[in-house]
Amino acid sequence: MIRHLVLFKLDEGVERDDPRVVRGEGAFRALDGTIAEIRSWELGWNLSDRPIAYDFAINSAFDDLDGLRAYAEHPDHQAGVALWREFATWVVADYEF
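Quick note: the sequence shown uses the working numbering, first residue -12, plus one each step.
Simulated from the structure, these hints should not be mistaken for lab results. Please note that a few of the clues may not be correct.
When the alpha-carbon atoms are kept at most 20 Å apart in a straight line, the in silico SDA-like pairs for lysine to any residue are as follows [what the hints assert, rightly or not]:
id: 1; residue 1: Lys(-4); residue 2: His64
id: 2; residue 1: Lys(-4); residue 2: Ala44
id: 3; residue 1: Lys(-4); residue 2: Glu24
id: 4; residue 1: Lys(-4); residue 2: Arg16
id: 5; residue 1: Lys(-4); residue 2: Pro38
id: 6; residue 1: Lys(-4); residue 2: Leu34
id: 7; residue 1: Lys(-4); residue 2: Val9
id: 8; residue 1: Lys(-4); residue 2: Leu70
id: 9; residue 1: Lys(-4); residue 2: Trp77
id: 10; residue 1: Lys(-4); residue 2: Glu12
id: 11; residue 1: Lys(-4); residue 2: Asp50
id: 12; residue 1: Lys(-4); residue 2: Gln65
id: 13; residue 1: Lys(-4); residue 2: Ala14
id: 14; residue 1: Lys(-4); residue 2: Gly54
id: 15; residue 1: Lys(-4); residue 2: Leu30
id: 16; residue 1: Lys(-4); residue 2: Thr76
id: 17; residue 1: Lys(-4); residue 2: Arg37
id: 18; residue 1: Lys(-4); residue 2: Asp42
id: 19; residue 1: Lys(-4); residue 2: Glu83
id: 20; residue 1: Lys(-4); residue 2: Asp51
id: 21; residue 1: Lys(-4); residue 2: Gly13
id: 22; residue 1: Lys(-4); residue 2: Glu73
id: 23; residue 1: Lys(-4); residue 2: Pro6
id: 24; residue 1: Lys(-4); residue 2: Phe74
id: 25; residue 1: Lys(-4); residue 2: Ala69
id: 26; residue 1: Lys(-4); residue 2: Ala66
id: 27; residue 1: Lys(-4); residue 2: Leu52
id: 28; residue 1: Lys(-4); residue 2: Arg7
id: 29; residue 1: Lys(-4); residue 2: Arg72
id: 30; residue 1: Lys(-4); residue 2: Ile39
Take the sequences, apply the hints, and build the full model.
What follows is the structure in structure tokens.
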């Protein structure tokens, strides 16, 4: 299986209640059950007040790299990515488990 982790950092001055952020979060929440290749789907807001912490995380799993690629190319995922580009940056880690 492949674990796909994404950590998002909101741009300076952007808050969680910004309408763009609310739409972006909703777009990613809606992916659970929408994209057949997703085997596990968790996401949420960071609780840590540490300065190095990111703001939002997605923790997901796929059977294999082909499933991860299908997810990454899926139009609903791409639509969510386009929203998040407006107000955040992120880092990704994919690993086998």
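The hints, checked one at a time:
1. Taken as a hint, the Lys(-4) and His64 pair is honoured in the structure, with Cα atoms around 18 Å apart against an allowance of 20 Å.
2. Pair hint Lys(-4) plus Ala44 holds up; C-alpha atoms about 9 Å apart against a cutoff of 20 Å.
3. Simply put, Lys(-4) and Glu24 have alpha-carbon atoms about 26 Å apart, too far for the 20 Å limit, and the pair is violated.
4. Between Lys(-4) and Arg16 the alpha-carbon distance is near 17 Å, which keeps this suggested pair within the 20 Å criterion.
5. Between Lys(-4) and Pro38, the direct Cα distance comes to roughly 11 Å. Compliance with the 20 Å bound is thereby established for this hinted pair.
6. Of the supplied pair hints, the one linking Lys(-4) and Leu34 holds, its CA atoms being roughly 13 Å apart against a limit of 20 Å.
7. For the given pair, Lys(-4) sits about 14 Å from Val9 by alpha-carbon distance, which is consistent with the 20 Å threshold.
8. About 14 Å separates the Cα atoms of Lys(-4) and Leu70, which keeps this hinted pair within 20 Å; it holds.
9. Between Lys(-4) and Trp77 the alpha-carbon distance is near 6 Å, which keeps this suggested pair within the 20 Å criterion.
10. Pair hint Lys(-4) plus Glu12 holds up; C-alpha atoms about 13 Å apart against a cutoff of 20 Å.
11. Distance check on the hinted pair: Lys(-4) and Asp50 sit about 27 Å apart at the alpha-carbon level, beyond 20 Å; violated.
12. At most 20 Å may separate the alpha-carbon atoms for a hinted pair to count; Lys(-4) and Gln65 meet this at roughly 18 Å.
13. Taking the CA atoms of Lys(-4) and Ala14, the gap is near 17 Å; set against the 20 Å cutoff, the hint holds.
14. About 26 Å separates the Cα atoms of Lys(-4) and Gly54, which puts this hinted pair outside 20 Å; it is violated.
15. At roughly 14 Å between alpha-carbon atoms, Lys(-4) and Leu30 fall within 20 Å of each other, so this suggested pair holds.
16. Restraint check: the Cα-Cα separation between Lys(-4) and Thr76 comes to about 5 Å, which is no more than 20 Å; the hinted pair holds.
17. Annotation: proposed proximity of Lys(-4) to Arg37 holds, straight-line Cα distance about 13 Å (limit 20 Å).
18. At most 20 Å may separate the alpha-carbon atoms for a hinted pair to count; Lys(-4) and Asp42 meet this at roughly 5 Å.
19. Proximity of Lys(-4) to Glu83 is assessed by CA-CA distance (about 25 Å); at most 20 Å being required, the pair is judged violated.
20. For the given pair, Lys(-4) sits about 27 Å from Asp51 by alpha-carbon distance, which is inconsistent with the 20 Å threshold.
21. At roughly 17 Å between alpha-carbon atoms, Lys(-4) and Gly13 fall within 20 Å of each other, so this suggested pair holds.
22. The hinted pair formed by Lys(-4) and Glu73 meets the criterion: a straight-line CA distance of about 12 Å does not exceed 20 Å.
23. Pair hint Lys(-4) plus Pro6 holds up; C-alpha atoms about 16 Å apart against a cutoff of 20 Å.
24. A distance of roughly 9 Å separates the Cα atoms of Lys(-4) and Phe74; the hinted pair therefore holds under the 20 Å criterion.
25. Only pairs whose Cα atoms come within 20 Å are accepted, and Lys(-4) paired with Ala69 is accepted, the gap being roughly 15 Å.
26. Proposed proximity of Lys(-4) and Ala66 is supported: the alpha carbons are some 18 Å apart, at most 20 Å.
27. With a CA separation close to 25 Å, the supplied pair Lys(-4) and Leu52 exceeds the 20 Å bound.
28. Restraint check for Lys(-4) and Arg7: the C-alpha separation of about 14 Å stays at or below 20 Å, so the hint holds.
29. Distance restraint check for Lys(-4) and Arg72: the Cα-Cα separation of roughly 11 Å lies within the 20 Å cut-off, and the hinted pair is therefore satisfied.
30. Proposed proximity of Lys(-4) and Ile39 is supported: the alpha carbons are some 10 Å apart, at most 20 Å.
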